[in-house]
Amino acid sequence: MAGIDIMLGASWIISLIAIVILCFLPLRHKPVLAAATVMANAVMTSLVAIPSLAGTATELSVYAGSFLGSIQIRIDSLSAWFILIINFTSFTGIWFGSGYLKGNDSGPEKMSFHWILYILFHLSMIWVCILQHGFAFLTAWEIMSLSSMLLVIFDHHNAKTIQAGINYLVQMHISVVFLTIGFIWVYFKTGSFGFDAIGTFFNSNSNIWLFILFFIGFGIKAGFIPFHSWLPHAHPAAPSHISGVMSGVIVKLGIYGILRISSFLSSDQLLLGE
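Convert by adding 48 to the 1-based position in the sequence shown; the result is the number in this note's numbering.
Source of the hints: derived by calculation from the structure; they are not laboratory data. Be aware that one or more of the hints could be misleading.
Below, a list of computed lysine to any residue pairs in the SDA-like style, where the Cα atoms sit at most 25 angstroms apart [as the list claims (entries may be wrong)]: (1) K300 <-> F72; (2) K158 <-> S109; (3) K237 <-> K158.
Just the calculated beta-carbon pair ranges, DEER-fashion [to be verified]: (4) A84 <-> I214: 29 to 35 angstroms; (5) C71 <-> E190: 20 to 26 angstroms; (6) P74 <-> K237: 32 to 38 angstroms; (7) L116 <-> R76: 41 to 47 angstroms; (8) N253 <-> I303: 32 to 38 angstroms; (9) N253 <-> E107: 39 to 45 angstroms; (10) I214 <-> F115: 44 to 50 angstroms.
Quick caveat: nothing in here was measured; it's all calculated off a predicted structure. Every residue, glycine too, gets a C-beta built ideally from N, C-alpha and C.
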């Protein structure tokens, strides 16, 4: 089987080619190409993820300069499960969405934009699960939030839809603020943005305050009470297939983040509940 670098590189190349073609393709063929692209990306990333379910992690390191250091790309069993969930939900979502939007009277430009965003949305969710570097992770997280917000406001002529989209965007950026503070804190304590540095931090400092920062940041995405106020507005405002993917995956990525951070804790995780 091809390596992680080949598979992930191929998924980006296929996506970029599809994005360019989508801009010029006749309206009736746009959802077909978008679905085929999501399917191809889902198959390639699933092939890389499945072997990691047995517990053997697949890793790749990319040097990004003296400040950022090495960006680690890693698929372990936790990442693999979420990748498979993302791929299944994203493909079934675009399959349904292709029929759902068939009778929509939006022009070709709007439909091109919608399907391009969907492809980026799918890819960014995958990369959120495999990037083990704070700066790179936040970049993928931001692409995921922005693309999902723009997908939510598909019906942008409706004032309530725009309000829901703005509310969602603001709260997602509040989430990013907490996560960014957490990663910067780790960087100043350890000199690294790598996720392994979080474990180093927990080994030499109190667990609770850094964990609270990450918990709030990821908890907003997960829709935990009292951070859930974006949920009842964004879901009904979004097209049905986007709402489905948000319910099935987006909120789960908040859970992924909490599980990922919890895996670095240096003491009994139950102590956090005291």
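To see whether the hints hold, each was checked on the structure:
no. : hint                              : verdict
1   : K300 <-> F72                      : violated (35 angstroms)
2   : K158 <-> S109                     : violated (38 angstroms)
3   : K237 <-> K158                     : violated (46 angstroms)
4   : A84 <-> I214: 29 to 35 angstroms  : holds (33 angstroms)
5   : C71 <-> E190: 20 to 26 angstroms  : holds (23 angstroms)
6   : P74 <-> K237: 32 to 38 angstroms  : violated (55 angstroms)
7   : L116 <-> R76: 41 to 47 angstroms  : holds (44 angstroms)
8   : N253 <-> I303: 32 to 38 angstroms : violated (25 angstroms)
9   : N253 <-> E107: 39 to 45 angstroms : violated (26 angstroms)
10  : I214 <-> F115: 44 to 50 angstroms : violated (33 angstroms)
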